[in-house]
Amino acid sequence: MTKSTASHPFNPLERRVTFAKKDSTIAVFDSKQHTSRISQHFGQFGRADGEFHRPAGVIVSNLGEIYVADTGNQRIQVFDSSGVFLRLFTTRINGYTKSCPTGIAIVGNMFLVTDPVNNAVNMFDFRGNFTGHFSEDTVFDRPASISVDRTYGIVAISDQLGVRIFTAKGERRAGDILLAGHIGPIANEVACNGRGEILLSCWYDHCVKVYDLNSGFKTRIGGRGNWLGRLERPRGVGVDRQGKIVVSDAGNQRVQLFDPRDRLGFCRLVAAPADGLREPYGVQVLSDGRFVVVDNALSKVLVSNK
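The UniProt record's numbering puts the sequence shown at residues 1 to 306.
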């Protein structure tokens, strides 16, 4: 076993990286015992089954199956919780010269997939057959991320202008979040916490903003920086069963966990550069508490320990 130590000029926590030869896993520790450990990973760059080209979004079904938006390959791939490839379906439907699947969600017995290139949110059945466009009367501006709040029966979709709120049937609902003045090349990503709140990872403000469905803006988490608890160009965001918020801190090549009930917010590192992360995008939580992270640059999916 070998060890190395490094201190960050802005981080009061000294971190120690430990490489375990026995199982080829990597753990990261600091003086307060925050721990990060990747238990498995799967995929690589390519076009064959189980391979990816710049994957983005991810969702986990009630059966524990992992659905990955394989953006560059214009398809959705499905894996079991151990990373074994199961099946796939194309998102390049009739009339599209190209598709760009980015975000994915499950509503009832169908999948909703955002496609910013075609300014559409497309619906597919569980066999992967295209069944129509979600909320056909809505004009989207490069929709990127999508999340479902089953408790409140809403679907939240983010695009360049903000977050649009719908019912599960695609009907517009009051409570849209507008972000005038912040249009850019990257749309923000959205998550619902099942408590009537919308979480928005804001890459331009380097934070996660929390909005109440009824009262609007509530609070923000993070802020620009590279020490623990700070963010740099965050991407994917998710919520675990305890209401903790997991964020793909893409600019810092790591994933962090926050507890909004805690005054300081930061809980621990879920994964760090020493785990092999390069550009984490989509992030979700498995039923057993482990985190699934899609690395866009590496074309790989990583699964952390709890």
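Derived from the structure by calculation, the hints contain no laboratory data.
What you are looking at is a predicted structure, and each value in this text was computed from that prediction instead of being measured.
Every residue gets a Cβ at the ideal spot worked out from N, C-alpha and C, and that includes glycine.
There may be inaccurate statements among the hints.
[Unchecked claim] Using C-beta positions, here's what the derived DEER-type ranges look like:
1) 171 to 127: 24 to 34 angstroms
2) 286 to 94: 18 to 28 angstroms
3) 48 to 297: 14 to 24 angstroms
4) 243 to 214: 11 to 21 angstroms
5) 126 to 232: 33 to 43 angstroms
6) 229 to 127: 25 to 35 angstroms
7) 173 to 45: 36 to 46 angstroms
8) 62 to 173: 30 to 40 angstroms
9) 64 to 97: 27 to 37 angstroms
10) 84 to 241: 20 to 30 angstroms
Going through the hints against the structure:
no. : hint                           : verdict
1   : 171 to 127: 24 to 34 angstroms : 26 angstroms, holds
2   : 286 to 94: 18 to 28 angstroms  : 35 angstroms, violated
3   : 48 to 297: 14 to 24 angstroms  : 19 angstroms, holds
4   : 243 to 214: 11 to 21 angstroms : 18 angstroms, holds
5   : 126 to 232: 33 to 43 angstroms : 38 angstroms, holds
6   : 229 to 127: 25 to 35 angstroms : 44 angstroms, violated
7   : 173 to 45: 36 to 46 angstroms  : 40 angstroms, holds
8   : 62 to 173: 30 to 40 angstroms  : 24 angstroms, violated
9   : 64 to 97: 27 to 37 angstroms   : 35 angstroms, holds
10  : 84 to 241: 20 to 30 angstroms  : 25 angstroms, holds
In summary, the structure is inconsistent with hints 2, 6 and 8 from the numbered list given earlier, while agreeing with the others.
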